[in-house]
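Turn these sequences into a full structure, and let the hints guide you.
From first to last, the protein sequence lines stand for chains A and B. Under our numbering, the first residue of the first sequence is numbered 1, with each subsequent residue one higher. Under our numbering, the first residue of the second sequence is numbered 417, with each subsequent residue one higher.
Wrong hints could be hidden among the right ones.
[To be verified] Straight-line C-alpha distance at most 20 Å; calculated SDA-like pairs for lysine to any residue:
id, chain 1, residue 1, chain 2, residue 2
1, A, Lys377, B, Ile461
2, A, Lys377, B, Gln465
3, A, Lys377, B, His462
4, A, Lys377, A, Ala331
5, A, Lys377, B, Ala463
6, A, Lys377, B, Asp464
7, A, Lys377, A, Cys354
[Stated by the list, open to error] Here are a few chain A residues that sit away from chain B, every Cβ distance over 12 Å (derived from the structure):
id, residue
8, Leu144
9, Phe196
10, Met200
11, Leu213
12, Trp230
13, Val296
14, Val305
15, Ala306
16, Val308
17, Leu311
18, His322
19, Asp341
20, Cys354
21, Asn356
22, Arg382
[As the list claims (entries may be wrong)] Per the computed footprint, the stretches of chain A lying under chain B, defined by three or more beta-carbons under 8 Å from a beta-carbon of chain B, are:
id, region
23, 73–80
24, 99–113
25, 119–133
26, 170–178
What the hints contain is simulated information worked out from the structure, not anything from laboratory work. Backbone N, C-alpha and C fix where the C-beta goes; we use that ideal spot for every residue, glycine too.
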Amino acid sequence: MADQENNGELSPRPEVLGGTEMTEGQASSPPRDVWDAEIRPAGDGPVGQPVVFSTTLQTRSFFGISLINGLLNIVTLTLYRFWGKSEVRRRVWQGVRVNGEAFEYTGRGRELFIGFLLASLLLGIPFLTFVFAVQLLDEAFSLLVLPGYLLIFWLWGFGMFTAFRYMASRTTWRGIRFALFGSAPTYGFMWLGLQFANGMTAGWIQPIFERLLAEQVWNHMRFGDRRFRWNQARSERIGLYGPFALGWFGTIGVFIVAAVALGVIGAANPDFWDQVSQGMEGVDTEVAKFASPLQVAAVILELVVASVLVLMLWALVWSPYHAAVLRSVTAGVSLDEARFDMNAGAWSLWWLTCTNIALLVFSLGLLMPLVQARTAKYLVSRMRAIGQASLDEAHQAPPGPRTAEGLADAFGFSLI
Amino acid sequence: MQGSFYDGLTATAHPAEVTFDGRALTIVAGGETHTWLASELSVDIHADQARISRRRSDARLVLALADWRQVSGALDGVRRHSAAGGRGLVVGLVAAAAATAFVVFVGIPMASGPLARATPLEYEQRMGENYNAQLSAVFPACEGEAGQAILQGLGDRLSAETNAPFPIQVRAVHAPMVNAFALPGGYILVTGDLIAAAETPDEVAAVLAHEIAHVERRHVMQAVWRSLGAGMLLDLVVGGGTGAGQQAVLLAGQASEMSFDRAAETEADELGRSFLHEAGLSSRGMADFFERMAEGEIDTPAQVAEVSEWWMTHPNTDRRIQAARAAERDGAPALSAADWATLRQSCSSDEAETGGQPWGPIVIERRPRNDPMPSQSNEVGQD
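Rendered as structure tokens:
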């Protein structure tokens, strides 16, 4: 591992940390006094500075990049998406400020692209081998599907963690990088465990895992050499089970409403309904035979509107829970003496979700960058810190992985 | 002018005195002097700040926007920081996309024929056994053993003079559609509904001959290679993502698959007629069957779904009918009246099964998304 990056302005080539576990010992060895300073802050009493969040995000300015990315994605068969995503992140990050100084995203599209290629090889070759083995050699190979599923759940968590690690390493403030230590394989196992436990408890274990997963990230996160900490007790002060119960039972209600809505639309359009219920295949041709285009458009519009309304209702019953998770996780995080607080309420989160759904549905997903910017603005403008952190004294963190996130991208998962 | 300098080692803000001499920025901060060449600079401008960085360095200089404008006025084209990629990148990606499209729409279809012929017969045989086993669960064989034997006999007669690389194994099956399938390895399934929809044994023989032609030309294996190659390549490009753009790319890939199916259908029509002629049978059944399909004579309400689904993979019907009429010849009837009656009885339990009922929940996607290996009948040599 490199040990010279603190010696000058020229950064050495970043080391590949990838998914391998990175421990403090493996990390670059900064001068001893850096670690000492962390343990014994210079001087007595509270040190550091207040932490004040602000945002200069102009969500409207994300219309342009949404259109440009959409166009370039079409003409490149979506190969441009890695660069488009990086540019969106860069613009979101620079609109977020702490103590008047903006964050900077230093990631590159090329890094995402290479990570994606690596992940495709890593997943594609075993998958193809499996398919050929089943089809051409022996059907008994299909028994490998079960361990394969387990592997995929594990890989999913693994990929998420490496994505977090990559994004942290590409996020700087005042030229100092964030760094996520900790173990991606461990996170993968926790994710796998969550799927099992959720299956066995009909989802009721989820609130416990939200905190476990957050702890795994925040206990290993640093700004430069300043450690973030996870405080379980503080996080637990914001209860999750009440809102969870509301969401869980509310979902049953939403299903009933959805069934009624489908029934009403069906009753109003009996011909169409017959076709759908018996058709299953080639629905559009049958409809073309039996209904005028106008009728078809009307039914489709009704279905779209009904789906959006049901989605909004669904978002409504879960909003209290999601808002509580945001508050609870934020409350569990601290940096030096600074604790954090997220003023996210159920109604405001619901409104954000609904407007975002509408933007995505009616733009066929084109306005995703705008949605991401709106979400970032919502979060940052509701975030505040209590207490002080020694931000100014942070020393540079080791460079992060050269490429990453490929796995997460291969699974279609990405925070932003 | 004044600015804030961050040295890339700590997050401490150093008040900086900044001067520019037309070639380089000189930054005096924290008792040190830094010289940054103009050619190494890039800048991030947002709101009221300009954040200047130097290539391969973690250090940053932050100036008020007005001050930066003063400096940059004297500078020619400092690189604006961007992750969007330049024109070169976009041109390169468009070229890569075009190359991918070329491979998917031209290269793979061209290669699929040779690949299919190069596939060892025992591999295709094994694949056929797998498909056949899977499909038997979905589409159970019809019960009439005598009828099955007659159908197999017809298949044997038609394939006797062909170069089919596999023994032809025909089976009538219960399935809620008017259709027939050739699987890899010489397996052919004819649905009970198709037998019911046929007015003469010649029509069934025509369909069977068409399917045997698929087997002889190894169209099924070609389709497997095509969908494997194209599906995989497109999945690789779009990364299994779920965005609208990614789905559009996959749909385009499926559309191309259908157009190659059509070419294979035309070839199978022609070859099928020659099989009928070689066996001394009439080939009039082919055009008859197409025509009645086109006129919708069997468009009874309960069958609407199947017929239209059948049409969707067989466009240019008029042309097919014309070709069939032009090339048709008289010949012996495919089956005796007694055999024909027996064959029509073999799937008779269909009526009871489906009478007045909506079709059962057998949902077959035209082509399973993101599935490079077709496991459904409708992907392979469908007719």
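Verification of the supplied hints:
1. Lys377/A - Ile461/B: holds, 19 Å
2. Lys377/A - Gln465/B: holds, 19 Å
3. Lys377/A - His462/B: Judged against 20 Å, a Cα distance of about 15 Å means the pair holds.
4. Lys377/A - Ala331/A: Measuring from Cα to Cα gives roughly 19 Å; hence the hint holds.
5. Lys377/A - Ala463/B: holds, 15 Å
6. Lys377/A - Asp464/B: holds, 18 Å
7. Lys377/A - Cys354/A: holds, 16 Å
8. Leu144: holds, 14 Å
9. Phe196: holds, 24 Å
10. Met200: Correct as stated: the minimum Cβ-Cβ distance to chain B is 27 Å, above 12 Å.
11. Leu213: About 23 Å separates Leu213/A from the closest Cβ of chain B, which puts it past 12 Å; holds.
12. Trp230: holds, 22 Å
13. Val296: holds, 15 Å
14. Val305: Fine: 19 Å to the nearest Cβ keeps Val305/A off the interface.
15. Ala306: holds, 20 Å
16. Val308: holds, 16 Å
17. Leu311: Nearest chain B Cβ is 16 Å from Leu311/A, so the label holds.
18. His322: The claim stands: His322/A keeps its Cβ more than 12 Å from every Cβ of chain B (closest is about 21 Å).
19. Asp341: holds, 22 Å
20. Cys354: holds, 20 Å
21. Asn356: Holds, because the least Cβ-Cβ distance between Asn356/A and chain B comes to about 15 Å, which exceeds 12 Å.
22. Arg382: Consistent with the label, Arg382/A stays out of reach of chain B, its closest Cβ about 20 Å off (over 12 Å).
23. 73–80: The restraint on the region 73–80 of chain A holds, since 8 of its residues have a Cβ under 8 Å from chain B and three suffice.
24. 99–113: holds (count 7)
25. 119–133: Our answer is that it holds, as 4 residues pass the Cβ test (under 8 Å) against chain B, meeting three.
26. 170–178: holds (count 6)
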